[in-house]
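Heads up: the protein sequence lines correspond to chains E and V, in order. At position 84 of the first sequence (counting the first as 1) the number is 84 in the working numbering, and the numbers step up by one without a gap. At position 61 of the second sequence (counting the first as 1) the number is 1061 in the working numbering, and the numbers step up by one without a gap.
Keep in mind that the hints were calculated from the coordinates and are not lab data. Keep in mind that this is a model prediction, so the values were computed, not measured. Accuracy of the hints is not assured; some may be wrong.
[Claimed, not checked] Simulated crosslink set (DMTMM-like; lysine to aspartate or glutamate; CA at most 25 Å straight-line): (1) E:K19 x V:D1289; (2) E:K19 x V:E1264; (3) V:K1057 x V:E1245; (4) E:K65 x E:E85; (5) E:K19 x V:E1267; (6) E:K19 x V:E1285; (7) V:K1172 x E:E6; (8) E:K65 x E:D90; (9) E:K108 x V:E1451; (10) E:K19 x V:E1179; (11) V:K1069 x V:D1260; (12) V:K1172 x V:E1186; (13) V:K1196 x V:E1179; (14) E:K19 x V:D1260; (15) E:K65 x V:D1435; (16) V:K1057 x V:E1194; (17) E:K19 x V:D1317; (18) E:K108 x E:E78; (19) V:K1172 x E:D55; (20) E:K65 x V:D1440.
Residues per chain, in single letters:
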Amino acid sequence: MNDMTERLALLSLFSDLTKPQLEHVSHMFEEEMFPAGQRILRQGFTGANLYVILDGEACIVLDGKELARLGRGEFFGEVSALLGEPPTADVQAATPLRCLVIPQPEVKSFLVSNPQVMYRILQAEARRLSYTLQWRG
Amino acid sequence: MARVNGSPDRPFPPGDYPVVVVGSGPGGLQTSYCLTRLGVEHAVISADEKAGGMFQKWPIFQRLLSWSKPEAPYPRTSEYYEWYDHNSLLADEPENRALVVEQMDRTRMVPSRPEMERGHAAFAERAGVRVRYGCRWEATRQEADGFTLVTTEGEYRCRAAVFATGVTTPWKSNIPGIEGVPHYSECREPAAYEGKTVFVIGKRNSGFEIADGLEPWACRIILVSPRPVQTGVLALATVRVRYFEPLEDASWGGGTFALDAALERIERTSTGFRIHATGTTRPGELVIDADAAIAATGFTTPFQDLRELGCVTVANDRIPALTPFWESVSTPGIYFAGNATQGAAGLRKHGVGSASGTVSGFRYNARLLARHLAETHFGVQLPRPEIAERDLVPFLLSELTRGPALWNQKGYLGRVVSLDALRDEGIEPLQHFVDSPGPDAVAASVEMDGEANICPVVYVRRGGRVQEHVMDPHPLHEYEGEDYRRRVEEALA
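Here chain V stands alone, though its shape is the one from the complex (with noise of 0.2 Å):
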């Protein structure tokens, strides 16, 4: 293909690129930042006019749900912190390490929505990150040997294509009347809410931000749902730090409610809105007057015409379905980076998902992505290191320890070593080990099991077949005693 060179301000005018990255959020800054490392050709284009994606205006009150510590037990130049920052982006530099904690004032152990949007545009600055900004994707066609993305500046033609757009378009729920609510995404000023009933359609994350947000300001809050929310599952997640001031207000009988019930339909009245509902943990009818309405819904991929291609999805049409390699399962060449991860659900035992739909999860996924199409497309020979049977097993249960990557996809990526040469093979998804065929190897996974315990676990593959070997929890989660030393070698041998 063709090279083609912008001028540095203008970077990847329209033309040939091997690759092409759609987005400047954190999953397309993560994964162009990888890309470039193993010296895959690539252009990154964004609508936007500057790097943070969904950070530059969400979440609306200004205060994210994942934890940055910024005194943690290793120095916030090591990888192994990345444990403990679940917001920056991740860097082979140490000096372009933890810049999202940098930036915080430590008055939360969560950043702020600016605080999140300067580490990242700190991130795509220092570590070099180039994108072509102000040049939005419009459509996509197919070609013999790739893809054409049209854009706002014209055409560009690629053998992969990275969409990394994040899951931002608002979504609704098709319930009668709702297309009169407010989305989430538009929802005002809390002063514009004072002294009202205020009804939120849903009781996920979004919600409950609102109701935690409007709470100063509104004279009643109504959340509505059919699932009931899981306060003993909240009590233990970042996200309590949003959920339970609205429902300590709602078991105090304050003014806030939380309810599980079936929306039939919404109409408007002179004043407001009247919402009909049926309950669902606790059967009956409701009819809800409120002053305004808000539908904190969710959202969706911004698919454009890629279902059009062949594109398969999941969630109520809302992610797409994708391979253990973000690849898109029924659209070979189309991958996903950043929040649409989400769509790879991995092995998902004991129920357990990824950590997929957050910065601190999908930025493992968009290395890894890298590494897949720096080796299956365009021949890229990554290191791998020997290891020495000595090493083996202190290697495996110092990733066990703490192996940034293991504990922040948990049961979802491990460590692998190949047993025949005894070669550190990096990480990869755990679904894309025990399920594809390959030589002799072992993967270290941190995992949790169906209690909510985390537990190291190793998978053997010998002869084509791989065997689990689950080990018991450590109340420090220290693994690297004689026992687990001991079990380890059990299992290999």
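Just chain E, with the same shape it has in the complex (with noise of 0.2 Å):
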């Protein structure tokens, strides 16, 4: 196994695929290392990737104002990958930060063939509309 596949097996979102999958998707995608207050996605600008994070801290920011931060295991970028939308807000580095870039015309594809990706990606969603949803009501 090469680092990038022994350090996908250790997060949640791949604890489901076997190691030749995990090998697969090491070698399908790129590792980004962005240094903290580097922007990821910008806010209105096309052809958004998804992330997953491998290492280090990612905040979400809107007009300056820090909403939420994310840590390792972690993905954002999803929401305009799937939509083919611009991102709403900035992503950015918070610390030294190492991703997974998975290009998003490839997102479909690879959802698609790795169904556990996608449930563990469903859950994770659905943890974020209903801790929203909570915080609303």
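Using the hints, put the two chains back together into the complex; each one sits in its own frame.
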């Protein structure tokens, strides 16, 4: 196994994948490193990708205000990537940040061919929705 | 810092220099050329004995993948010709442009390795790029005001160091048993594989280069990696010249196989190798016996001790993680030129990466890096020509239609004009433009959308906020018509 495969194996998002499937994922997609403060998703820009955090923290920022913070194993960019719409907020690196980058044009085929990952993403989305509804209520 | 002079044939003896460039491949030559034109004093050192870098020995099968078209809509002396010539280095003097094309015998649209090497050597000679050859960088020390590079000839002290040593150190993934498999760089003469079953680890450029080169000799060629070959993408890429003959053979069952599998382990047998793998796109165990094996698993940047200085990396520790101006994100003052500049990924919209892993892209990075060093470290003020208001939109549309930096580095570099004083700011990394504060300005960029269409895009920064304006593609890539003029005017309004 290469280093990336070993790191992916530790994330709950990929925990249902077999070793060959993890190898496949690590060969499919690239890793990117962002210094603290670097924007990754840009509000209103087309072409946003799906990012899975391998190490570090990211924050969601709207009009200069931090709305939420994401850590290792969490992901962002899924709404834009799935709907093909520009992000409605910025996401930037809160600390030095390493991510796996799933290019927007490949998100659908990746999720369809890895239903276990799709299920984990749906679970996480459900938790986010539940949290948002509780907060509003 | 003390000025140091050398003899004409042995320039740059050890000593103090504002900048030291390491490497004499295309990245180093281009960086030195641009620094010289900007008046930035620097030394260039290289472990090699002559110019050319990796093109002195690779690709093994002697043919590149990147095209240079001898005939194009623009003369070879024009900078607009650069879009049609992905292999020559950039020069201000028309006579020093397109020097690789000058070497090509026109049997193919892609140059041979010797043609590439001769073209870059001609650039070094004619453009007067001086290098201290035979001087190997061995270690690095961080000092209070810069760095000391320890070499086989002595110590070089500098404020900024530029490493243009390529991505040239053979790299293998950590598959059990792979240590006994020769790397691509150790591939033997094709005749050595006559009548044999050859197992190739890797299905990227170098794997298919080997398959293509060995097809006339080997009996069976089995390429394996976890990721399937994306034939739809390859069909539109220059690399198809290497990929499609082996793939055609595989599709006809002619003895070549391209398998999607994760390798478990590799064993030595009395006659060769036994490979244990598990299918990825088609699950199932595979056991393959082969007479020979080759690890086409790629290369890594020769970091020496730069990691110990704090340089962080990406891509399984193979590539430095870089800022938009190709400086280490973690060790300021350490810069990279050449192939390693792919460590600055850029905006990566729709997942589209830069062309920084090839000469066609990184030659522009080197030019911008030299300007960045000149302005930020040495106080050089570059000219920023004024643009008349009536010329602004035509200027942007002309750049979108034929600007070579925009076309070679799609979605990565942009042409920038400041709007308060209407001045041409030159080419900038797009990521820097959209993420950095600055005066009101516009950047023009040529990009690929999610369906791989080429689209013109302008970014307008007003009051510190940047808005993106994506325009429709044009079937002939002509963006100087009325529709595009109106769209750009609306974006600027």
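The hints, checked one at a time:
no.	hint	result
1	E:K19 x V:D1289	holds, 22 Å
2	E:K19 x V:E1264	holds, 10 Å
3	V:K1057 x V:E1245	holds, 24 Å
4	E:K65 x E:E85	holds, 22 Å
5	E:K19 x V:E1267	holds, 20 Å
6	E:K19 x V:E1285	holds, 13 Å
7	V:K1172 x E:E6	holds, 16 Å
8	E:K65 x E:D90	holds, 10 Å
9	E:K108 x V:E1451	holds, 14 Å
10	E:K19 x V:E1179	holds, 21 Å
11	V:K1069 x V:D1260	violated, 35 Å
12	V:K1172 x V:E1186	holds, 13 Å
13	V:K1196 x V:E1179	holds, 21 Å
14	E:K19 x V:D1260	holds, 14 Å
15	E:K65 x V:D1435	holds, 17 Å
16	V:K1057 x V:E1194	holds, 23 Å
17	E:K19 x V:D1317	holds, 21 Å
18	E:K108 x E:E78	holds, 10 Å
19	V:K1172 x E:D55	holds, 24 Å
20	E:K65 x V:D1440	holds, 23 Å
Hint compliance for this structure: hint 11 alone is broken.
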